[in-house]
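Using the sequences plus the hints, can you model the full thing?
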Amino acid sequence: MNSDISAPEGELPLRADARRNRDQIINAAKAIFAAEGPDAPMEEIARRAGVGVGTLYRRFPDREALIRAVARDNFTNALTHAQAAATEETTGWNALVRLLKSSDELQLSVRLGMTSPRAWDVVKGDQVTQGLRDSLLEILEGVVGTAQAEGSLRTDVGAGDIAAMYSMLLRRPTDPAQQRIAERALHIMLDGLRPHRHATELPGRPLQVSEVHPLSTAPAHPAPGT
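Sequence positions in the sequence shown follow the UniProt record's numbering and run 1 to 226.
It is possible that some hints are incorrect.
Estimated spans, in silico, between C-beta atoms of each pair [said to hold, decoys possible]:
hint, residue 1, residue 2, range
1, H187, A16, 40 to 46 Å
2, A84, P41, 33 to 39 Å
3, G50, P195, 49 to 55 Å
4, K101, E150, 15 to 21 Å
5, R205, A16, 49 to 55 Å
Note that these hints are calculated values from the structure, not bench results.
Fair warning: this is a prediction, and the values are worked out from it, not measured in the lab.
Ideal Cβ placement from N, Cα and C applies to all residues, glycine included.
Okay, here's the thing in structure tokens:
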């Protein structure tokens, strides 16, 4: 799904062919950013999208504009997935698991900020992306509250704790073997969130999303693929 919310403010509706080119460029940028990072050559993105470099720059005059469009599109899609998880799942726990497992779009946007100071500044400074992020975190808080009320999630953690752990799990390469390791880590994390009588007492108090979440804490900026 590519939403108009990722278009620059004030932009008139696009013709069908222009919209198709724009969507192809964004999808190509997603794939290349995921593999190579947000500093990949713009020419490579245009080639992957099947458009000329001139067409790319007419739609996105600089790299920052393209990063911004990718982040907006990713968060729009992630928000759609989160809303579906919250409304379609029969329990808060199932909604939480689905939300954490299914959002490839969100993973890419968070990793962009982690691997590139430039991308971090662009995403952090974009009000549209931040509004989408805030809506996503509101859903997470609601899902966490529902899971705790039904007794399926330990009550000494907050939505901020889960957001922080999720962002840490994203510090991984895209290599399939490493992805399997990360998936194991996610299952271990989920098991640790279950209430049980042998749980270790946690230090401090539960964190809220306003205190710590993937797009409010400074990233470590590792190189792509590390």
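Now the hints, each set against the structure:
no.	hint	verdict
1	H187 / A16: 40 to 46 Å	holds, 44 Å
2	A84 / P41: 33 to 39 Å	holds, 36 Å
3	G50 / P195: 49 to 55 Å	holds, 51 Å
4	K101 / E150: 15 to 21 Å	holds, 19 Å
5	R205 / A16: 49 to 55 Å	holds, 53 Å
Comparing the model with each earlier hint shows no violations; every hint is respected.
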